[in-house]
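Undergrad: Between the sequences and the hints, there should be enough to build the whole structure, so can you do that?
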Amino acid sequence: MLNREFFQEMDQMQREMGRLFRGLSGRRGFGTVVMPGIGQQSYPLVNLRSDEENLYAEARLPGIDPSELELTVEQNNLTISGDRRPCEDQPEKVTWHRRERGHGKFMRTVELPLDVKTNEARAEYLNGLLRVTLPKAEAARPTRVAIEAI
Amino acid sequence: MAENKLNIHNDEKNKGLSAKEIHGREGCQRPAVDIYETEEGLVLLADLPGIEKDGLTIEVDQGLLTIEGHAMMRHQGQENRDEFSLCNFHRQFRLPDTIDPATSSAVLKDGLLTLKLPRVAAARPRRIEVATVH
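Order-wise, the sequence lines are chains A and B. Using our numbering, read the first sequence as starting at 2 and increasing by one per residue. Using our numbering, read the second sequence as starting at 2 and increasing by one per residue.
Keep in mind that a hint or two might mislead.
Unchecked claim - Stretches of chain B that chain A covers, calculated by requiring three or more beta carbons in the stretch to come under 8 Å of a beta carbon on chain A:
{"no.": "1", "region": "39–48"}
{"no.": "2", "region": "71–80"}
Unchecked claim - A partial selection of chain B residues facing chain A, derived with a Cβ cut-off under 7 Å:
{"no.": "3", "residue": "A33"}
{"no.": "4", "residue": "D35"}
{"no.": "5", "residue": "F85"}
{"no.": "6", "residue": "D111"}
{"no.": "7", "residue": "L113"}
FYI, nobody ran anything at the bench for these hints, they're computed from the structure. Predicted, not measured: the structure shown is a model, and the values here were computed from it. We treat Cβ as the ideally placed atom computed from N, Cα and C, and that holds for glycine.
TA: Here's what the structure looks like:
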């Protein structure tokens, strides 16, 4: 039976495929990494958001030791790299039923759409999300222009 | 030992569930999981980015394990280019009868859920010492 959920699933699949091919074409080749278990896709996923003052980058990075994360801002490029390790207290000999999460080293560079004050950038890691706050450079902030009535 | 093997069934394979449960709830994502078996029982690791302790419910009802995460964190600023959303999570598994839900324990740290599901004591492998009689 074709129902709404079926179409939603197809739509999701199409988007996933689109993302995969974008990575292959080299347009966003830098961000594409191969993660065992996850396959070839951009990892981590990054949202770029902004308000008047700041640019925000949010990365989805569950279950990572924050001390393993490295974050650099160079000109207009934000680079997130790190290592997602398998669980430490896991015994050596186990029987696997599912292995979907994947682990390994990763690196992703995201181009920022505008100039930021790199020395005032700050980041926090909370509930598996990395949130980076990048204050916009003065030139990139919106400035109100007074209109004179003549 | 062969009889002691645990089997975890995924939601999709269980015909007893409604279509809604099989495809997951609307607006919910299925979290990626690792499940492994040790002598003590099963350990389930689930990626739940953006989920806080208060937004997470784990239930076992008649052998059906439900993990449900309600996202309470909010995005900052206005959207420029989004690759993911802070969504809710939902996934179900059918647990084997040899799991004792009463003794299971869960820890949520940095968006990673570690759920330990021990076997009932009677189902654990036990070595029987052989005494020699002279």
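Undergrad: Take the hints in turn and mark each one as holding or not.
TA: Now the hints, each set against the structure:
1. Residue count for the region 39–48 of chain B with a Cβ under 8 Å from a Cβ of chain A: 5. That meets the three needed, and the coverage hint holds.
2. Counting residues of the region 71–80 of chain B whose CB lies closer than 8 Å to any CB of chain A gives 6, which reaches the minimum of 3, so the coverage claim holds.
3. Restraint check, B/A33 versus chain A: the minimum CB separation of about 4 Å is within 7 Å; hint holds.
4. The criterion of a C-beta within 7 Å of any C-beta in chain A is met by B/D35, whose closest approach is roughly 5 Å, and the hint holds.
5. The interface hint given for B/F85 holds, since its Cβ lies 4 Å from the closest Cβ of chain A, which is under the 7 Å cut-off.
6. At its closest, the beta carbon of B/D111 sits 5 Å from a beta carbon of chain A; the interface hint therefore holds under the 7 Å criterion.
7. Contact between B/L113 and chain A, as hinted, is supported at the beta carbon level, the nearest pair being about 3 Å apart and thus within 7 Å.
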